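Since the structure of chain V is provided, determine the placement of chain X on it from the hints.
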Amino acid sequence: MASERLTLDQLRSAVEDGSIDTVRVCIADHYGMLRGRRLVGEVFVADPQGLQAYCDGALIWDVHCDIFESTDYSNFRTGYPDVFARPDLDSLIRCGWSPGSTLVMTEVLTPHGERSPLDPRGLLRIFAELTEVGPITALLELRAGEGPLAPGWQGEEAPAFMQRWREGIELSGIELERLEWDSDRAVLSAELAPAEPLVAADQLVAVRSAACEIGLVDGHSLTAMPLLEADQQPARMLLSTATQIDAEAEGRLNDIALLCRPLPLDWVSAEPLTNGNAVAASPQASPYLAIAALVSAIGSPHAASAEQAPLSYSEAADQFDAADWPREWFGEMFVHDTLELARREAIMRSDAAADPQQLSDWDIERYGEVG
Amino acid sequence: MGRWAELGWVDRQGRLHTLPAPDDDRPATVTAAEAGWPSVDEELQLRPDADAVYLLPDGEGGKLALCDMVAADGSQSPWCTRSVLRRAIAKAAAIGSRVIAAAELEFFLSDPATGRPVFDTIEQYGIVAGERYEPVLRPIRALRNNGVPVTASNCEYGGGQFEVNLHHGDALAAADQIILLRSWGREIAEGAGYGISFDAKPWPENSGSGMHFHQSLWAGEQNRFWSPDTDQMSADGQAYLAGLLEAMAEMTVLGSPTSRAYLRRDDHSFCPTAVCWGGDNRTVALRVIAESEAVARIEQRDAASDANPYLPLAAQIIAGLSGLERSAVPPPMTTGDAYSQRDLPPLPASLEQALTLFEQSALANELLGQQAHAKMVGILKDEAKSPNGRARTVF
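One line per chain: the protein sequences are V and X, in this order. For the first sequence, this note's numbering begins at 1 and goes up steadily by one. For the second sequence, this note's numbering begins at 1001 and goes up steadily by one.
By construction, these hints were calculated from the structure, which means they are not laboratory data. As the structure is a computational prediction, the values presented were derived from the model and not from experiment. Even glycine gets a Cβ: it sits at the ideal position worked out from N, Cα and C.
Simulated restraints, written as ranges between beta carbons of each label pair: (1) X:R1026 / V:L171: 54 to 64 Å; (2) V:D90 / X:G1191: 33 to 43 Å; (3) X:S1340 / V:D231: 44 to 54 Å; (4) V:R86 / X:D1024: 48 to 58 Å; (5) X:P1112 / V:P99: 23 to 33 Å; (6) X:H1268 / V:M348: 17 to 27 Å; (7) V:H336 / X:V1329: 34 to 44 Å; (8) X:P1112 / V:G219: 11 to 21 Å.
Bound conformation, chain V alone (with noise of 0.2 Å):
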């Protein structure tokens, strides 16, 4: 069920070697967006519970990384500090689709060394912790946009890419249940075999970044954006458990869906959350996220406080201002500083688009690089 990990004494051996030479040593930010350094190998296995610093205002940047006041967590009047990422040797896997790489996810710490507070996958764990949610099966979809792999094109290209990032995929370890290209839709998709919940998020994030890296290294135009026209079937990210998403559980969900759907675009043409034992996130969400409010609506034992699903992002904002037990389960300041977030890019969009229901040139510029 689990992937085959990248251990610390194979990975020493193929630094000694020559056929590793790159260890990226990541966090992930409030999007899943991969963020870090690329460490020489050896550099990394001389002490591999090293410490990397990061500025803390990658852990609440916009999509953009472009940072602001308004949040507790990061601002300048707290100066930016560091945050201490320290590699989770857990979760150390090869980069298939880029020969010599590996990826290790890391924990996120205050300079005191307690977790970071809006780390989303420090969020994670402890959440899959407290729960006894079993595996997770992760249906993540790609949108082509423009380039060889748009809708219409019949040609080798599309095949190609596929093997490639399914390559990558089964050279990192990650075991899949199957890779599809929809040339109707100009979607590619990824399903994961099931795993708990913390293993299928890294999961997710390594291989929404393989199909973004392959994209950009060869030229084709990939993207997390749920749609590019407002009159498509959204692409999601789909999440499932064995256990079934009961009332209780869904009326918590709708408390935190925007976690699931954490941008605009995601309510534009949006389907229900749930649907039996799955809900439907964005593909532009934090996996982390995404899970950690699958696992938290399930295992929580707080009742829920909206009473029917949010249908614009505005109202998914509202009802994760409205709950309580979000801010007991996530903490203030996570919460607090997520819902300005979204507050400010609705603000943003509202700015630029004239239309709420439409897409517009302005979404494609913003969101086209989400992932």
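Same frame as chain V, now just chain X:
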């Protein structure tokens, strides 16, 4: 081929020049004018530094020896900037201390066809965005195999901007390695079809590029900046810090020698605009990192990435040592947003302001010697008023 294939020497602006090592014992020479000191009519001998030998990155196995430039009679020359740093380090050694330094260096990659950065969006720490530029960054990291101890690279806070980190070590080697990194990094980038710029501010609308120096002072195995009794910065560290603060404004020009470097100095740019220090705070000029003996250090954040690294680092060392000699006491720590605190003493906002302070600086005179100090002031004044001067740097 002798002990080394090439000799390397560095001009006033911090550019590496090389020439084949002579086959015989005759010393290689350059003129002071070639070394960036126009109208100085002196011949300088290149004296290879056996402790500064690096493997050339051409794969041929040859070695490069970096050189000090000395006068024809073998005495110290005022025109050798590497020797300026060597003298500052010797001053520390005279009180039983070794200066350990490390640099972070920022630069941009550009598309030669457009002259624009390789991407426009900010991709700080971006792993996906960085992948496309691995044909440049990976060989730069591999310069570690040539003796340049690169530890890591990452996308920085500007469109098309990157940062490279170097492992800490002796101060002279730390500066040498910046020289080599810039020179060899350029060869790597251009060989991969990209432009590279270490300019302080290549594009007005984009971020600037800095050269942050981390530094500490060691007596044997003991970090003099750390107090084991209090688990915080020692009195020595505080005195050194006070010295850095006192000299920062008058020495600014050595780290920011071009008019463009002052375009970096803007509110909320993460380039300091005031003489101040703080803890882990990116808005101050001096960041004090004092969590343990192993890591206790001071980071000075004002120099630009196109500076001659020997000069700002030398200036920082003698400034710090000056504070240490006098047991100077730093002003209170700045907390919060230093850019919004208008009562803090400002750093020079233009090359002209910086030159005025530099010209009057007794410490600069001590650092460079009277002759080189006066000459540098004259050169930079000419460049500052010349419309075709150093509006854009040589990097």
